[in-house]
Amino acid sequence: MPRQKRTRTVRHRVILDRLDPVHHPALEELLLRKGSHAKVARAWLAALGVHVPLGTVCRYRDHLLAERQRRRWRDAEVEDEAWTAVRYAEIARDDDLPDFTAASVTLCQMLMMETVLRLRNVDLTPQLLRQYIDALMAIHEVDARSRLRRPDPSPPSLN
Amino acid sequence: MPAPRGRAAVMKLDRLPAGLRDRYEREVLSKPATTNRAAREWLAAEGVRVSIAAVARHRARFLRDRERRTYLAAVEARTAELAARVGVTPEDLVAGARLRAQLAVFKQIRAAFEATHRASRITPPQELLAFAAALRTLVG
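Chains as they are written, first to last, in numbering that gives the first Met the number 0: chain A, 0 to 158; chain B, 0 to 139.
In case anyone wonders, no lab produced these hints; they're calculated from the structure.
From a predicted model like this one, the values you see are computed outputs, not experimental measurements.
Virtual Cβ for every residue (Gly too), placed ideally from N, Cα, C.
If a hint is listed, it holds; no wrong ones were tucked in.
To give an idea of the interface, some chain A residues facing chain B are shown, with a C-beta separation under 8 Å as derived from the structure:
(1) Asp16
(2) Glu80
(3) Glu89
(4) Ile90
(5) Leu106
(6) Thr114
(7) Leu118
(8) Arg148
Chain A with its partners taken away, still in its complex shape (with noise of 0.2 Å):
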């Protein structure tokens, strides 16, 4: 998603307040019209009784292709991200594919212990022993799970 703008205490347009709602198509298709000018806009507001400084207009202009830009970001997003989890729906269903939750295990107890030679060099505190602790026995915990549910893939022989 776009990056969060700040929200703004009031967030209404005067036109709007004052335009009849059955006319607020019609005006966001004449200002967002390619070649339209802010003063046609104004005079069709005045003749329909909205007298708005035409600074107004134009701000609302703004506000309108600012709308429009953040509405397109925003549906190429939705695509981009319905198209990914189809995708991945679609390599999900291939039975050959590796076990990554099994490899992520490994890799993690790896991690852990590349950490633990690193240690060696670092003045460590009795409290982030014990976190470093917690956190081995976590890995180890999930490791034990994940061994667990995994099949055997080599079952004994009989002979």
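Fit chain B to the given chain A structure using the hints.
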């Protein structure tokens, strides 16, 4: 020690009775022309006394959450549409989401491992615990 005022006020707005919260969101927060001051006065008339800052924070979060929900609903709808078009079942989508989560965790751990192995970075215990927690979710 008493809780900071702002924090307590946000919690107060989070704990509004369901009916009142629905009315507040529908009649006050959903109207762009409502000022924070007007929202605070509306709440005061209902017997809920909170600060302007609490109203503003709660409102910003409400709008952010609403936008997020709209986005997720759009993604869900579009995904269902595309899945139906290419013949992917909801079960396949669940399996796909699981695979995606597995790969994401794998990539994170691999990045941490490479940083430790090649750049001699010492992985903090909190990071290791977070990996263990993520793996535990995947293992079940």
